[in-house]
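312 is the number of the first residue of the sequence shown in our numbering; add one for each residue after it.
Hints should not be assumed to be uniformly reliable.
Heads up, simulated DSSO-like pairs for lysine-lysine below, C-alpha to C-alpha not over 30 Å straight-line [as the list claims (entries may be wrong)]:
| id | residue 1 | residue 2 |
| --- | --- | --- |
| 1 | Lys629 | Lys561 |
| 2 | Lys756 | Lys800 |
| 3 | Lys707 | Lys448 |
| 4 | Lys632 | Lys756 |
| 5 | Lys404 | Lys356 |
| 6 | Lys632 | Lys518 |
| 7 | Lys404 | Lys629 |
| 8 | Lys597 | Lys581 |
| 9 | Lys670 | Lys516 |
| 10 | Lys561 | Lys707 |
| 11 | Lys433 | Lys356 |
| 12 | Lys561 | Lys723 |
| 13 | Lys707 | Lys499 |
| 14 | Lys733 | Lys707 |
| 15 | Lys516 | Lys630 |
| 16 | Lys723 | Lys707 |
To be clear, the hints were calculated from the coordinates, so they are not data collected in a lab.
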Amino acid sequence: MASPVSVYNSNVLDAHISSTSRESLKMELLADVTLLPGEERIIDKDIIYICPFSGAVKGKVLITNYRLYFKSCDADVAVTLDVPLGAISRVEKMGGVSSRGENSYGLDITCKDMRNLRFALKQEGHSRRDIFELLFKHAFPISHGLPLFAYVTQEKYEENGWSVYRPVEELRRQGLPNNKWRITFINKNYELCDTYPAVLAVPFKCKEEDLRRVSSFRSRGRIPVLSWIHRENRAAIARCSQPLVGMSGKRNKDDERYLDLIRDANDTAKLTIYDARPNVNAVANKATGGGYEGDEYHNAELVFLDIHNIHVMRESLKKLKDIVYPNVEESHWLSSLESTHWLEHIKLVLSGAIQVADKVSSGNSVVVHCSDGWDRTAQLTSLAMLMLDSHYRTLKGLQVLIEKEWISFGHKFTSRIGHGDKNHADQDRSPIFVQFMDCVWQMSKQFPTAFEFNERLLLTILEHLYSCRFGTFLYNCESAREQNALRQKTVSLWSLVNSKTELYLNPFYTPESGRVLYPVASMRHLELWVTYYIRWNPRIRQQSPVEQRYLELLALRDEYIKKLEELRLSDSSRLADDGPGGDTSSPSPASSPTRQQHYTHLQTPF
Numbered sequence: 312m313a314s315p316v317s318v319y320n321s322n323v324l325d326a327h328i329s330s331t332s333r334e335s336l337k338m339e340l341l342a343d344v345t346l347l348p349g350e351e352r353i354i355d356k357d358i359i360y361i362c363p364f365s366g367a368v369k370g371k372v373l374i375t376n377y378r379l380y381f382k383s384c385d386a387d388v389a390v391t392l393d394v395p396l397g398a399i400s401r402v403e404k405m406g407g408v409s410s411r412g413e414n415s416y417g418l419d420i421t422c423k424d425m426r427n428l429r430f431a432l433k434q435e436g437h438s439r440r441d442i443f444e445l446l447f448k449h450a451f452p453i454s455h456g457l458p459l460f461a462y463v464t465q466e467k468y469e470e471n472g473w474s475v476y477r478p479v480e481e482l483r484r485q486g487l488p489n490n491k492w493r494i495t496f497i498n499k500n501y502e503l504c505d506t507y508p509a510v511l512a513v514p515f516k517c518k519e520e521d522l523r524r525v526s527s528f529r530s531r532g533r534i535p536v537l538s539w540i541h542r543e544n545r546a547a548i549a550r551c552s553q554p555l556v557g558m559s560g561k562r563n564k565d566d567e568r569y570l571d572l573i574r575d576a577n578d579t580a581k582l583t584i585y586d587a588r589p590n591v592n593a594v595a596n597k598a599t600g601g602g603y604e605g606d607e608y609h610n611a612e613l614v615f616l617d618i619h620n621i622h623v624m625r626e627s628l629k630k631l632k633d634i635v636y637p638n639v640e641e642s643h644w645l646s647s648l649e650s651t652h653w654l655e656h657i658k659l660v661l662s663g664a665i666q667v668a669d670k671v672s673s674g675n676s677v678v679v680h681c682s683d684g685w686d687r688t689a690q691l692t693s694l695a696m697l698m699l700d701s702h703y704r705t706l707k708g709l710q711v712l713i714e715k716e717w718i719s720f721g722h723k724f725t726s727r728i729g730h731g732d733k734n735h736a737d738q739d740r741s742p743i744f745v746q747f748m749d750c751v752w753q754m755s756k757q758f759p760t761a762f763e764f765n766e767r768l769l770l771t772i773l774e775h776l777y778s779c780r781f782g783t784f785l786y787n788c789e790s791a792r793e794q795n796a797l798r799q800k801t802v803s804l805w806s807l808v809n810s811k812t813e814l815y816l817n818p819f820y821t822p823e824s825g826r827v828l829y830p831v832a833s834m835r836h837l838e839l840w841v842t843y844y845i846r847w848n849p850r851i852r853q854q855s856p857v858e859q860r861y862l863e864l865l866a867l868r869d870e871y872i873k874k875l876e877e878l879r880l881s882d883s884s885r886l887a888d889d890g891p892g893g894d895t896s897s898p899s900p901a902s903s904p905t906r907q908q909h910y911t912h913l914q915t916p917f
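Taking the hints into account, I'd like the entire structure generated from these sequences.
So, in structure tokens, the structure goes:
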């Protein structure tokens, strides 16, 4: 019979081995997490993930100052989660100490990127207190006086993404300055309009004092300025906010003259003003001092585009999330999708942009605005520019378009996304930029050879819209970015993209410089962007080998181009050999077509 001492020692040893093996398993499970430079571990913990597809899964969760990472320890059910903390909208406690039922005590996490997460912990000893407090603190750093991760990361890239967009260079590419339009630096200190960029393009004949008078009559001082000009017919797209007409029907002669200068810049008979709002909303805005251009604008016509406001769009996406996550309701899918009105809103945005593009293409200048000119206006101008100008359909061009029409012109990314802010119920949150990206995707589906970039680029942009890893989408306007030294202290998303361009290229791209794209904006031709909205469903992920195929096609294309170049070189060296000292006999007529056919065959697929 073993002595009590030996039994005790044996138990201690077993406990030690068990503890060591658990620690070893923990290290093993989390060993494959590659932390970013500047990323630090905060806490790791045994936890159960209530997976909507596989049920309760035991594993380890790691929380850093950038992400929540979970890995299952069950060999039969391999589950990994890698969630940037910036994508978290809400963290709540689930159940209490006295809650009954299996896995009823834990955490509920709502994300901004179309998924929710649920974790269960042991009920005894307040086991969730530490993880809840640390997760809440680091998911919402702004609410806790901490810096966003973009200011902490030490990442370095070969390319400097901040140099992608240079305002004056982009205006020169469009042919400015000319005898109708000029570049002004009146807003260099953001005094004319604190939400506009420092560099603006305005009608040549207007003076700086005129601009100041016009700004007093436009909401937030957002005067009509040039977004894009047609190189041939000189028709322009100008953007602004609503006029401050109010209930009394105020007028401003300077504003009326100013719009006439825009019309006169290419001798347009009538300037078309596209008001993105439904007519009834524009009329209602008069009660709060806003409004729209009336009959006093003699050489102008007003068209309402019936696109709804940020609150309608937020509710629409919420309904879409309800029907796609965690499971897709197959039996009533079409009626459920229709009830969200999401594709209907996409249709209206695209339809409005088509009208703008068509009007400009036919030689008429336009002015586009909504209420404040930073949501629906940005959607319409950028999409119309994408349709009209093939430069914006290139990999670098799309980056310039987003920097110009969205970031520099003051789309309120902080307010719409809520970076690092715990106030998930904020009424300013809205998926306006997501909607724009959806419209770009719809166009790329209808014109598969017209865009140099692929779907992966769009998905990457939307991932980092929320992640707070890069400075690109932080803050509401250029003046706030300058104030917070964004370019000096953070990395641009375009640094990542442009350092690995091969990942984001479309192998079917065919450059066509003069082509205007008119997508079909009917419900029959629009599709739900499944690989974005339903990407967390494992069945969808299994059915998407597209990226690998793209890479294979790009490699094949490079191989063909290399072979073609070799043929050309061998041809030129043979012709050199056939010169004065070589064989002077001319190639037989039969051999020439064969070589030409060989060239044609090589180039056909691309």
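Status of the hints after comparison with the structure:
With a C-alpha separation of about 39 Å, the suggested pairing of Lys629 with Lys561 is violated against the 30 Å cut-off. For the given pair, Lys756 sits about 37 Å from Lys800 by alpha-carbon distance, which is inconsistent with the 30 Å threshold. Simply put, Lys707 and Lys448 have alpha-carbon atoms about 36 Å apart, too far for the 30 Å limit, and the pair is violated. This hinted pair checks out: Lys632 and Lys756 have alpha carbons roughly 22 Å apart, not beyond 30 Å.
A distance of roughly 16 Å separates the Cα atoms of Lys404 and Lys356; the hinted pair therefore holds under the 30 Å criterion. With a C-alpha separation of about 50 Å, the suggested pair Lys632 and Lys518 falls outside the 30 Å cut-off, and the hint is violated. Taken as a hint, the Lys404 and Lys629 pair is honoured in the structure, with Cα atoms around 21 Å apart against an allowance of 30 Å. For the hint linking Lys597 to Lys581, the alpha-carbon distance of about 25 Å falls within 30 Å, and the restraint holds.
Taking the CA atoms of Lys670 and Lys516, the gap is about 24 Å. The hint holds against a cut of 30 Å. Of the supplied pair hints, the one linking Lys561 and Lys707 is violated, its CA atoms being roughly 44 Å apart against a limit of 30 Å. Between the alpha carbons of Lys433 and Lys356 the distance comes to roughly 11 Å, so the proposed pair stays at or under 30 Å and holds. Taking the CA atoms of Lys561 and Lys723, the gap is about 28 Å. The hint holds against a cut of 30 Å.
A C-alpha spacing of about 26 Å is found between Lys707 and Lys499, which places the hinted pair at or below 30 Å, so the restraint holds. Distance check on the hinted pair: Lys733 and Lys707 sit about 34 Å apart at the alpha-carbon level, beyond 30 Å; violated. Of the pairs offered as hints, the one joining Lys516 and Lys630 is violated, with about 49 Å between alpha carbons and a cut-off of 30 Å exceeded. Annotation: proposed proximity of Lys723 to Lys707 holds, straight-line Cα distance about 23 Å (limit 30 Å).
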